[in-house]
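Using the sequences and the hints, build the whole thing.
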Amino acid sequence: MIDPRHFDWRVDGRVATITLNRPERKNPLTFESYVELTETFRALARDGDNANDVRAVVLTGAGGNFCSGGDVAEIIGPLVEMAERGDRDGLLRFTTMTGELVKSMRACPQPIVAAIDGICAGAGAILAMASDLRIGTPRSRVGFLFVRVGLSGADMGACAMLPRIIGQGRASELLYTGRFMDGAEAERWGFYNALADPDAVLGTATRIAEEIAAGPTFAHAVTKKSLHAEWNMSVDEAIAAEAAAQARCMETRDFARAYRAFMIKDKRPPHFEGD
203 MIDPRHFDWR
213 VDGRVATITL
223 NRPERKNPLT
233 FESYVELTET
243 FRALARDGDN
253 ANDVRAVVLT
263 GAGGNFCSGG
273 DVAEIIGPLV
283 EMAERGDRDG
293 LLRFTTMTGE
303 LVKSMRACPQ
313 PIVAAIDGIC
323 AGAGAILAMA
333 SDLRIGTPRS
343 RVGFLFVRVG
353 LSGADMGACA
363 MLPRIIGQGR
373 ASELLYTGRF
383 MDGAEAERWG
393 FYNALADPDA
403 VLGTATRIAE
413 EIAAGPTFAH
423 AVTKKSLHAE
433 WNMSVDEAIA
443 AEAAAQARCM
453 ETRDFARAYR
463 AFMIKDKRPP
473 HFEGD
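Per the numbering used here, the very first residue in the sequence shown carries number 203; after that it's consecutive.
Please keep in mind that the hints were generated in silico from the structure rather than gathered at the bench.
Check the hints yourself; a few may be wrong.
[To be verified] The calculated lysine to any residue pairs, modelled on SDA-like cross-linking and capped at a C-alpha distance of 25 Å, are:
no.: 1; residue 1: Lys427; residue 2: Glu413
no.: 2; residue 1: Lys305; residue 2: Arg216
no.: 3; residue 1: Lys426; residue 2: Ile204
no.: 4; residue 1: Lys426; residue 2: Gly301
no.: 5; residue 1: Lys305; residue 2: Asp399
no.: 6; residue 1: Lys427; residue 2: Arg409
no.: 7; residue 1: Lys427; residue 2: Glu453
no.: 8; residue 1: Lys427; residue 2: Met299
no.: 9; residue 1: Lys427; residue 2: Pro472
no.: 10; residue 1: Lys305; residue 2: Arg244
no.: 11; residue 1: Lys427; residue 2: Asp255
no.: 12; residue 1: Lys426; residue 2: Trp211
no.: 13; residue 1: Lys305; residue 2: Arg459
no.: 14; residue 1: Lys426; residue 2: Arg459
no.: 15; residue 1: Lys305; residue 2: Glu453
no.: 16; residue 1: Lys427; residue 2: Val274
no.: 17; residue 1: Lys305; residue 2: Leu377
no.: 18; residue 1: Lys426; residue 2: Glu475
no.: 19; residue 1: Lys305; residue 2: Pro340
[Said to hold, decoys possible] What follows is a set of in silico ranges between Cβ atoms, one per label pair, in the way DEER data are often shown:
no.: 20; residue 1: Gln448; residue 2: Thr379; range: 22 to 30 Å
no.: 21; residue 1: Glu475; residue 2: Ala247; range: 16 to 24 Å
no.: 22; residue 1: Lys427; residue 2: Glu475; range: 18 to 26 Å
Since the model is a prediction, treat every value here as computed from it, not as a measurement.
We put the CB at the ideal spot given by N, CA and C, even for glycine.
Listed below in structure tokens is the structure:
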């Protein structure tokens, strides 16, 4: 059972909603929330009733902001203290731990839809990046701020993933300058899939998640896994991998259901069961 203490968790039908809920601080991450988010996505990836019940995930923040990144007092301060006393192992444990969160999000078979309003900065921008789809608002601001605190843009997979979303040149600009994108630019550059008004962004993301959740669960999981794995393949290797993956999808009952629904005279939409 998923029962987090450092963010809100709600399941409606087949869609789970994760809400970062420290609105007075613009929903920053702490050591504890990093770990708990990672454990949650790993739980979704494991077999079991909870994982099978949830077919899509919405990730959002409370109070008009998505996430302001790592908590300055609770994370940044302790990291500076580690560095000043020469605790290299401690620093590496932290950076490895934060990377595990992104890895757990990408390994989670359920597609993740981020609903982004207000500030989406630092590690918060990474959470948005690691999601499968992103719905933003015109007033939202996305910034990969690591350079502003003397760090590189090489954080939690940003140098690998961001160029694949918005292109090498655009990613380079954001990671070198640490500047913010507004909502219109984020959509124009392809970081956002769409824009919605602030009072509608969560509902829009939820409707997309519900549409995904109503689809063929096994096939969606194969698509997500393939999108991730094929970054490191040649085109020929990808074609071979997709041939094997699609043949496996053809063994599912959902594939047969879709065919039989299509063959009925009124061609009703198939009702997918996820098997």
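Is Lys305 within 25 Å of Arg216, Cα to Cα? Holds. Lys305 to Arg216 sits at ~23 Å (cutoff 25 Å).
Does the beta carbon distance between Gln448 and Thr379 stay inside 22 to 30 Å, or does it fall outside? Given range 22 to 30 Å: violated, Cβ gap about 42 Å.
Regarding Glu475 and Ala247, is the given constraint of 16 to 24 Å on their beta-carbon distance met? holds, 20 Å
Just to be sure I understand the hint, the distance between the Cβ atoms of Lys427 and Glu475 should be within 18 to 26 Å; is that true here? Given range 18 to 26 Å: holds, Cβ gap about 20 Å.
Satisfaction of hint between Ile204 and Lys426, Cα-Cα up to 25 Å: It holds: about 22 Å lies between the C-alpha atoms, which stays within 25 Å.
Can you confirm whether the C-alpha distance between Lys426 and Gly301 stays at or below 25 Å? holds, 19 Å
Lys427 and Met299: Cα distance at most 25 Å? holds, 22 Å
Assess, step by step, whether the Cα of Lys305 is no farther than 25 Å from the Cα of Leu377, and give holds or violated. holds, 20 Å
Could you grab the alpha-carbon distance between Lys426 and Glu475 and see if it respects the 25 Å cut-off? holds, 18 Å
Lys426 paired with Arg459 [C-alpha distance capped at 25 Å]: holds, 22 Å
Are the Cα atoms of Lys426 and Trp211 separated by 25 Å or less? holds, 23 Å
Between the alpha carbons of Lys427 and Glu413, is the straight-line distance 25 Å or under? holds, 19 Å
Hints 5, 13, 15, 16, 19 and 20, counting from the list given before, are not met by this structure.
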